[in-house]
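**Q** Chain by chain, the residues run as shown.
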Amino acid sequence: MVATVAQCVLLPVLGIVIGLFFLGLYRKIMARLHWRYGPPLIQPVIDILRLFFQGGMSHGAVFDFGLVLSLAGAMAIILFIPFAQWCPLQGSGGMLVILYLMLLMPLGTALSGGEAANPNASIGISRKLILALGYEVPLLLILLSVMSYYSTISIVDIVRGQQASVWALFSWPLALPGIAYILILPAVLGVRPFDTTTAPQEISSGPLVEYGGKYLAFEHIIHALSLFLGISLFVNLFLGGAANPIVFFVKILVVFVACVCINAVFPRLRIEQAVSYLWKWPTAIAFLGLVVVSLVK
Amino acid sequence: MDRNKIGKWLKQPAKMANKYSLNAVYFCTGCGIIEIPPVITARWDAERFGIIPVATPRQGNLFMITGYVSLKTLRAIIRTYEQMPDPKYTVGFGSCPINGGMYWDSYNTIKHLDRYIPVDGWIAGCMPRPEAVFIGVTHLWTLIEKDMANGYLRYREHYDQYRGNQEKLLGKLDWPPLYATGIAQKEIAA
Amino acid sequence: MQIILLTSFGGAFATYLLAKISSRLRDVCAVIVSGLLVVFVALLYNKTPAATLIPSFVGAPLTVRLNMLSWFFAIAIVVVGFLSIVFSFSYIKGKERADFYYLMMLLVNAGMIGIVLSADLLTFYIFWEIMSWGAFLLISYNRGPALRAGMKYIVMSVIGSVVMLAGILSLYAVYETFVFSELAGRIASASPAYSLACASMLCIAFAIKNAVVPLHTWLPDAHSEAPAPFSAVLSGILIKMGTYGLILVLYLFVGVKLFISPTYVWRGFRFVLLVLASITILVPSFIAVMQNDAKKVLAWSSIAQAGYIILGITFGTTLGFAAGMFHFLNHATFKALLFFGIGAVEYRTKTRDLNSLGGLLKRMPITFIAVLVGTCGLIGIPLTNGFVSKWLLYKTLILEGSPFLAFIALIGTWGTILYGYKLLHHVFLGQLPEKYKNVRKAPASMQFVLIILSLAVVVLGILPGIPLKLINTIAVSMGMDSMNINIFGIASETGALNTVNILSVLAAAGIVVWIILKASKKSTRISQEDNYAAGAAIPAERYSYTVDFYNPLYRMIRRYLRDIFDEFYYWIAGRVQAFSDMVRRLYVGDVGCYAMYILLFLSALILSQVWWRVW
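Chains as they are written, first to last, in our numbering: chain E, 1 to 297; chain U, 298 to 487; chain C, 488 to 1102.
FYI, nobody ran anything at the bench for these hints, they're computed from the structure. Just so we're clear, the structure is a prediction, and the values are computed from it rather than from any experiment. All C-beta atoms, glycine included, are put in the ideal place defined by N, C-alpha and C. Just to be clear, a hint being listed does not mean it is correct.
[Unchecked claim] Below, computed lysine to aspartate or glutamate pairings styled on EDC-like, alpha-carbon distance capped at 16 angstroms:
1) 1008/C - 383/U
2) 922/C - 833/C
3) 297/E - 887/C
4) 922/C - 840/C
5) 744/C - 1016/C
6) 308/U - 442/U
7) 849/C - 887/C
8) 924/C - 1054/C
9) 849/C - 780/C
10) 28/E - 342/U
11) 928/C - 833/C
12) 1009/C - 383/U
[Claimed, not checked] Label pairs and their computed distance ranges (CB to CB):
13) 652/C - 272/E: 50 to 56 angstroms
14) 533/C - 165/E: 49 to 55 angstroms
15) 244/E - 750/C: 30 to 36 angstroms
16) 165/E - 1057/C: 39 to 45 angstroms
[As the list claims (entries may be wrong)] Okay, the calculated bits of chain U under chain C, using three or more residues with CB under 8 angstroms as the criterion:
17) 312-318
18) 412-420
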């Protein structure tokens, strides 16, 4: 009981720390790929600190509430996704709860951004929801094939199943959904080339247009958490999770760095291009994967 | 640069964070902006000092006016400045915002930007090279360090005067005052 | 039980009579009647009375009975009925024919109670017709386009009734009984072809009422044109009478064991139903995204949500049945809530056009919270009741090896997110237009209804064990396996659900974040005019983005989402009309002409006799 509560408190903190580290790493790697020196790794922390000292402007109660909902949802999901052997809330609904709790992040931001009454924010939200629909089609096929292959909706059981035999990415037929997941991973994380939602040059950073001060700091933390969540979900589902935290950290780090290195060279896609990409090859591969899995079962 | 001195971070975190996270709103009014792309891209890489461009005034704390200021852009400059959250720092870039520059006798160009919004520092030149921007930034750091980059406080304190100057030049403004007028005087009197 | 029927029918007419005396008395009487019904039905919890209404009606007795299944439906009916009457107070005040409106509302309510109470097919059919015709009169209450919507509804409804009547009579001709319990055992032993024919005839009638996809076309018009309180009743429970009928057919007459058995016939039948249910989820969800009328969005969403219910029920496992039943209850709460919420907005602003509304959050906060809760329930955000029923459905679909159905249901949920957010954003968020600056908040009676239903959505979402226990009893009484229910969800080996964990985690995280937000440096509150527009002043009324909200998506999917069935029915209707028109041309109204017809006919007779010697 004490251990569970301790995990419940520590895991979100750990998630935020790792997420912020990822943000810093992201900027550093991008800089190095541009042949720049780049900011220090703790630059996101400095930014967030500065933003907290800036206060900011609020557009009303829903503006605050949406952000709180978004961040609270992000922090809650961490407890449902195993971090190595720690998964304090494994018996509370499994994958389906994760799927639905993941809605809270975009929905909270959408409520808050909508209340800001700025057309840039509305366009950004519209793009975000369309993009989410775009990657959700292959993602659901992938998750369903994994869940039907292991005949469980519990993510802990899926990890256990892989640790008993071989990582799902390297096993037949789960390699197919694994490949599809790799193809859509940048869209799930919302990084290049799928950052149309918060494109600063086109729509003044979209839903974030009216965020300043601590509100923007919260948004940075949510972004950091979403990076962490997306990658740990992938590692748990296809790279066999991990038996101890250090291995797990190394795994998510490797996936993240690979993802950033590949995607840093792509320019930003338009929303239609993004969706038609997501609905073409990743969906076809994921669909094939689900068909094969249902035949094998 | 004292970014890595942990003792200073613990002693005055707000000041240090403000120094090393200057998110800039570049107000591109004229030719000066042509010098900014080299500043933020690979050649000079301002990001290593934590300076990145942001898309909206809400997110930034450094306001750079890069070029001449006509009457029409002055409205937008004032509006943008008022939408930034405190603390915020303004830097005039190039000789045009300082004294009108080559537009010194234009009927339509502002000669003294700091009459209408407070300016914390100037970067002289026509146009200043990217190195000058970095010198300007280090100066700004010193000013922040010594609590001398306090333009946003001056604006609050003398809001009546600034607003008066603005209205004298632009006529009736179509947005409400940022601070309740009259309060500043009372505070000063007290 | 007779008291319930007497109260409901008597109350309806008493209200109409009292209305002739004073309108105040009418309102009081309507509330008392519907309130009494709630009390009566609640009192009958866990009792199983049975009675005969009329010993012999055209040769067969009209009987009623109550069991857990009908109690479950009855309580939903009376509660939503009561709330809709309360909501009607301000909504209908000052409109013409209000007396008639109340009479019909109570009569439709009574008809629905009769349907779930009836113990034989004849009684069922009588109440079914009362409900259908009452609904017709209410749908066309607003006149104008509503008349057309009502006509569409009643034509399809009558076709359904005729098919159902044929099925009932055929059953009677073979088994000589109308009583459910007597029919139940016998159909299972009949030849598969015959029982399949009967089941499909009844199912068609119920599918029309439930708006399953090829038979759904009446619903979008009817829902959007009906008065708001009746839309809530219509969407929340009236179309679910079709669900009740389906449960009767599939689980009682056919029997769930036979229905999900791998027999060739029943497998095909079940497969067809499942495919129809998934189409019903998928396509209407995305058609709803493209609507610009608030109530049309909700109407299409009703079709899609009914699809979830049908999917759960036709899937036939205990969890699937529980999901369907629970989703019925949830849909009754959150869809009624949404219709009431939009009704309140319509009442204050006199428009349902999403593109012209906006920013009403600042004027109608309670309505906003209610619609937010309703939308969360619709999407299935954890801690609202919609989540639990969808969780059950997905779980059983995945674990029983139907991932494709689960996929369609989940994608339908994404459609729900798109239109749910669109509804919230266009009506309540964004810039408040100048013309709605003086809109007042909803009247107290409306707010009461909204608050009650919002509470129901949240409470059922946190304590899903309460209704699930009931549903478990029903499932066991129908010969299905029992589920392992506790008050906060479900315990099982293949994945448990525990809402209290989710609640505590979310609440704790929310409180921590809120404290950090409030404890850090104070933010300044700014007005909607102080907004980023690249330094320009905000144009009044024109600085919000609503028209064509999901434009890139529309461009991609629009051409695939035509309502071809509606066009097909209109084509048939057009053909029939043209044919009738042709026939009508024969009757010119001229006596000489008729005399010539007679002469021609006679000469034809004579000629045929001369040539072929027919007689």
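**Q** None of the hints should be skipped; say for each whether it holds.
**A** Here is how each hint holds up against the structure:
1. The hinted pair formed by residue 1008/C and residue 383/U meets the criterion: a straight-line CA distance of about 11 angstroms does not exceed 16 angstroms.
2. Proposed proximity of residue 922/C and residue 833/C is supported: the alpha carbons are some 14 angstroms apart, at most 16 angstroms.
3. Between residue 297/E and residue 887/C the CA atoms are separated by roughly 11 angstroms; this keeps the pair inside 16 angstroms, and the hint holds.
4. About 14 angstroms separates the Cα atoms of residue 922/C and residue 840/C, which keeps this hinted pair within 16 angstroms; it holds.
5. Annotation: proposed proximity of residue 744/C to residue 1016/C is violated, straight-line Cα distance about 64 angstroms (limit 16 angstroms).
6. Pair hint residue 308/U plus residue 442/U holds up; C-alpha atoms about 12 angstroms apart against a cutoff of 16 angstroms.
7. With a C-alpha separation of about 47 angstroms, the suggested pair residue 849/C and residue 887/C falls outside the 16 angstroms cut-off, and the hint is violated.
8. Taking the CA atoms of residue 924/C and residue 1054/C, the gap is near 41 angstroms; set against the 16 angstroms cutoff, the hint is violated.
9. Straight-line distance between C-alpha atoms of residue 849/C and residue 780/C comes to about 21 angstroms, which puts the hinted pair past the 16 angstroms bound.
10. Proposed proximity of residue 28/E and residue 342/U is supported: the alpha carbons are some 12 angstroms apart, at most 16 angstroms.
11. Between residue 928/C and residue 833/C the alpha-carbon distance is near 12 angstroms, which keeps this suggested pair within the 16 angstroms criterion.
12. Restraint check: the Cα-Cα separation between residue 1009/C and residue 383/U comes to about 11 angstroms, which is no more than 16 angstroms; the hinted pair holds.
13. For the hinted restraint 50 to 56 angstroms between residue 652/C and residue 272/E, the CB-CB distance of approximately 51 angstroms keeps it satisfied.
14. Checking the proposed 49 to 55 angstroms range against residue 533/C and residue 165/E shows it holds: the Cβ atoms sit about 50 angstroms from each other.
15. Between residue 244/E and residue 750/C the C-beta distance comes to about 53 angstroms, which lies outside the given range of 30 to 36 angstroms.
16. Taken as a hint, the range 39 to 45 angstroms is violated for the pair residue 165/E and residue 1057/C, whose Cβ atoms sit roughly 58 angstroms apart.
17. Using a Cβ-Cβ cut-off of 8 angstroms, 0 residues of the region 312-318 of chain U lie near chain C, which falls short of the minimum of three, so the contact claim is violated.
18. With 0 residues bearing a CB less than 8 angstroms from a CB of chain C, the region 412-420 of chain U misses the requirement of three and the coverage assertion fails.
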